[in-house]
Amino acid sequence: MVPTDSEGVVIEVRDLVKRYPKSPVNAVDGVSFAASQGEVFGLLGPNGAGKTTTIGMLTTRVRPTAGVARIGGVDVVDDPVQARAQLAVVPQHSNLDRSISIRDNLIFHAAYHGVPAREREERADKLLEQFGLLDRARDKPDFFSGGQSQRVMIARALMHAPRVLFLDEPSTGLDPAARLFVWDRLRELRDSDVTLILTTHDMDEAALLADKVGIMDHGRLLALDTPDALIDSLEGEGTLELTADQPADGVVVDALAGLAGVERVETVHGAAENGSTESEPLRVRLYLTGDAALSVAPAAAVLHEHGLALQDVKLGTPTLEDVFIHLTGRTLR
Amino acid sequence: MSAVAAPAPAFEQGTKWRAFWAVLYRDLYVTSREFHVFLAQVILQPLFMLFVFGKVLATLSLTTPGYTDLLFPGLLALTAVLTALQALAFPLVAEFGWTKEIEDRLLAPMPTSFVVAEKVLFAVVRSLIATLIMIPIGILILGSIPWRWAGFPLFVAGLLLGALVGAGFGLLMGTLVRPERITLLFALVFTPLLFTGCSQYPWPELAQIRWFQIVTACNPMTYVSELLRGAMVPQVPHIRPWICIVVLIFAVTALLTVGLKGFYRRAID
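Sequence order for the protein chains is A and B.
The first sequence begins at 2 in the working numbering and counts up by one.
The second sequence begins at 36 in the working numbering and counts up by one.
Just chain A, same shape as in the assembly (with noise of 0.2 Å):
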């Protein structure tokens, strides 16, 4: 379990305010968290949301306006130096040196931070192999995919053993292979103990990885709990998905809408693989502000006074998406 005691604090956030010059509003405006030893920290949030302002002012590259920030008890203002020393960034896009291979990447990082030769040389060889990237140690990242060059920054990162890893959108761009691939690997980092600190859009990526996540939106964090307990927050509500047996036009969708507890209608387009949309039997999705359960005989008698037959239904429970929706009225994406 995650430790919760004062001792095991990595990462303390307080009150953190960052106002650029010329802008009539704060980038982030008021944050607070903490995050333990081992601890996954999600923060999720559409693109402008300050999630990067945040990280850019925890790894001393933005210069925060007001609050604190301590990474193992460094402050990030007073001692920037200390406080690098115990961190690992991996961006969003490639800063991978384009003059020298990726083991000498590896091995150059590791000297910045003062790691011995024989160490590093060893240590580069191993992270090379755990990441796949062994048989192109001797390329140069000119060539190297967005996944690639992902696994080799990762590997980068874990070459001084950091405290703290900051992955800022981690697996924007990546194929669903390379994904699961980093995914694995955050999760063997965690169990040694390192603190991860993501950014990320993607709802399943901070379902999955996070142990705790915070949802920014403007600046702001509007809520900051477990992935569990926000969605529980949403007790009470659900979702309805029905396919019936042939295609509907939208008065059935709008019949559907007009009952008790149905809160909107949408329509659920499958992929294509039962041929053409046109032919492609009605299959919506009911957000309920109450037991989807209870809605079921209601929804079957709509489709049934429409000529339609229910074949499946499902259930669904909230996601962390609902959430997000939930607090800022809005999607994602």
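Hints listed in this document are in silico derivations from the structure and should not be mistaken for laboratory results.
All the pointers check out, no bait thrown in.
Below are the BS3-like pairs computed for lysine-lysine, each with C-alpha atoms no more than 30 Å apart in a straight line: (1) B:Lys135 <-> A:Lys127; (2) A:Lys141 <-> A:Lys127; (3) A:Lys141 <-> B:Lys51; (4) B:Lys296 <-> A:Lys23; (5) A:Lys23 <-> B:Lys135; (6) B:Lys135 <-> B:Lys51; (7) B:Lys51 <-> A:Lys127; (8) A:Lys141 <-> B:Lys135.
Chain A stretches covered by chain B per the calculated footprint, using a threshold of three residues with CB under 8 Å from any CB of chain B: (9) 81 to 88; (10) 113 to 121.
Covered by chain A, per the in silico footprint, the following chain B stretches (three or more residues, Cβ under 8 Å): (11) 54 to 68; (12) 125 to 136.
Glycine residues also receive a C-beta, built at the ideal position from the N, C-alpha and C atoms.
Since the structure of chain A is already known, use the hints to place chain B on it.
Chain B alone, transformed into the frame defined by chain A:
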């Protein structure tokens, strides 16, 4: 590291210097592996100038005897300043602009000023290597070069101050210029710098073209050329060395101060 000393500050002191030397080592490592590229970048231009102005024109008797002697120190000054400038400006524009390579250094455990200091030191090293290579090349092309051991201290001062002035210009340009403007930068800054720095003519003689003499007096490279002439060919009329040194120290301080500010602005939001 001492085991008895207070661990925290000792650790930090060692850490930041280790980071500094590691970054310098990386730069030297890359340069050494692409030394032919480095040579092409820095030697080709002064080499051709030396050949055309010093050898071709002299052989065709289109220059007066003795011109070569005043040209050579000027070309050393040019090499010193422009090599350092290029060593800083080009990579910096790219690193801040699109490769973002500088981020790994900015996140190394050392003060941001160390990152700048390393860049300046590296530019000076590159500049010194390039100017020293010009000496055997000069002997090879011209047959002999003007040399006085008595002027050696001034010669060293000239090369160092020239490299620092170039590094200062490079830092300033590298942090001020947007990547998409880099070609414009070199048209607008590089070429005028190249031809108003008194490397191909002595400054006192410009009294005949008063306005151009004033223009050249505004280019710090002029004082590098004149200082090296004072060191190597004192018989040629030149600006007094102490004036050159004072002006150059002032220029270096101003350029590095403003450049450092620009660097901080780019490095930390």
